[in-house]
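Undergrad: All chains, full assembly: derive it from the sequences and hints.
Note that the protein sequences, when read in sequence, are chains A and B. For the first sequence, position 237 matches number 289 in the numbering used here, and the numbering has no gaps at all. For the second sequence, position 11 matches number 15 in the numbering used here, and the numbering has no gaps at all.
Please note that a few of the clues may not be correct.
[As the list claims (entries may be wrong)] Here are the simulated DSSO-like pairs of lysine-lysine, each with C-alpha atoms no more than 27 Å apart in a straight line:
(1) B/Lys104 - B/Lys174
(2) A/Lys198 - A/Lys147
(3) A/Lys198 - A/Lys270
(4) A/Lys288 - A/Lys270
(5) A/Lys288 - B/Lys174
(6) A/Lys288 - B/Lys28
Hints in this document: simulated from the structure, not taken from any laboratory.
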Amino acid sequence: MIEVLSTFALNTVQDLGRFGSRHLGVSTSGVMDPLALTVGNILLGNADDAAGIEIQTFPFELRFQVDTAFAVTGADCTATLDGRLLPPWWTAPAKAGQVLKLNPPMRGARSYLTLAGGVDVPVILGSRSTHLRSEFGGFLGRALAKGDVVGTADGAGGPARTRPDAFGVEPAEIALPPGAPGEAEPSDDALPVRVLRAGEYELFPQEARQRFWSTAWKITHQSDRAGYRLGGEPLKLASRVEMRSYGIVAGVVQVPPSGEPIIQLSDANTAGGYPKIAGVVEADLWRLAQARIGSSIRFVDTSYDDAVAAMAPVNAYLAQIRRMVELYRQRPR
Amino acid sequence: MSLDLTIAAAADEAPPAPAEELPKLSNIGTRALILEAPGAFDLLQQRRILALADEVATWPGVAEVVPGVTNLMVIFAEPPRDLQACRRALAEAWRRLPPKPLASRVIEIPVIYGGELGSDLAAVCAYSGQLREEVIRIHSSGTYTVCCLGSSPGFGYLHGLDPKIFMPRKTVPSLRMLAGTVTIGGMQAGVSVSTGPNGWNAIGFTAVSMFDLARDTPALLAPGDIVRFTVERVEP
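TA: So, in structure tokens, the structure goes:
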């Protein structure tokens, strides 16, 4: 169990997402950066889909009420345990009464706190994720607040299970640099985001298509877990296209009548009607989740085969971490 | 020999296949395929979409099927190795499957028309050139079919609004429309399911909950259901 000592808005309990209920109109919710949550869970020996806490506003401070273990992954938030600095992507045991503080990261947007056994909140429609708009799931259907006591599924939380010592892994942003392997370094600060062309791509005039690729799109302040609204010279269709409502998945890039693209993300509605120009490849979604408001991204035209192959380094990274954690756990103590 | 003859005879008797426009297939990323039915927004195409959804949901490797308005999104557990084969299989099933029979379920939704919670009723009257009583009569005498659920939990896309009371969505959305607001958005009727900003036109209110996690089946509506709005009362 942990007690939240201080927090700002929009820090929520999330797992990998509420899949299987889109046909009821229930959006998936779930972490924005699934890679960071998964690694946090692996470090603790949790199931991959155990729930953690997604921290988007800092500082976030908590006190452990029992002896347990935790991990902090995602954006490096110079976490401290009783004032002692922890390295990024690190797991450590904690004693009852110790205070963990997550500070504003210099890079990246979201940090993840995972706890031994996972956050224990009721499973609703197959998931523990918070559905903020509908006020269900997660911790009482809302963002965490000061004074909340969050349980874990770690039994008594005592040292019954063998705990590994404190250790860490290579953060994803270092192990998996952006862009395809062998690709030229980007010429500016814009984060390259690989996409597949989507259904209405061909309807855009040649000039708009070219600008879709060449523009460094700015992630505007109207961006959140539901989606990123991008800023840049608008992309206009030759004539307005009426779409009937169709299913949305995280990463779909739509172009509303204003012409400035929107990337739909974890809290997006399940259906939408704007023309879709592209879809972000799965391997780059976690990276997009760490892109900050005010920074820029550039879309990279990607083939289906390359998009599928892009998951291989991600899977290899996870496999390597699993092996390493296994070794740590078997180490004689 | 007789078998061949049978086939030949059957082929002779079979009516010529009507030349139908092909569905449009496209993908979103590597794990989602969308099939869009050709032609107008009509109930027959929607019933074919629902039949396709039922079948595709049983295919190995399919994680989720999400019917939209005359389209179907299929989400795979892993990126299909042979995308073209998947597209062909979807198109083939679309051609082959008969439309899903409509459910016999009729759901009545009692509506308080007008008043503060139906504040756009006057605008609908003005736009349609119909009297208030007439707009209410038209809306409450219609038979609506649930095409699919989507957008927000339990929200049903309803087919069957009388064109006489079509009303474009508002350019400036209402900032805080209550859940349960009975609405018209373009050529569709609806009932809002969550309180928040909404661009559809409010003509009334219902106390019926469209989505309730305490129920065994949280969503009140299901695709294929028939919906009727009844007049609970009319407020000035």
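Undergrad: Given the hint that A/Lys288 pairs with B/Lys28, does the C-alpha gap stay at or below 27 Å?
TA: holds, 22 Å
Undergrad: Would the hint linking A/Lys198 and A/Lys147 be met if the CA-CA limit is 27 Å?
TA: holds, 21 Å
Undergrad: Assess, step by step, whether the Cα of A/Lys288 is no farther than 27 Å from the Cα of A/Lys270, and give holds or violated.
TA: holds, 18 Å
Undergrad: Within a Cα-Cα threshold of 27 Å, do A/Lys288 and B/Lys174 meet the stated pairing?
TA: With Cα atoms ~22 Å apart, A/Lys288 and B/Lys174 stay inside 27 Å; holds.
Undergrad: Can you confirm whether the C-alpha distance between B/Lys104 and B/Lys174 stays at or below 27 Å?
TA: violated, 34 Å
Undergrad: Compare the distance between the alpha carbons of A/Lys198 and A/Lys270 with 27 Å, and conclude whether the hinted pair is satisfied.
TA: violated, 33 Å
Hint compliance for this structure: hints 1, 3 are broken, all remaining hints hold.
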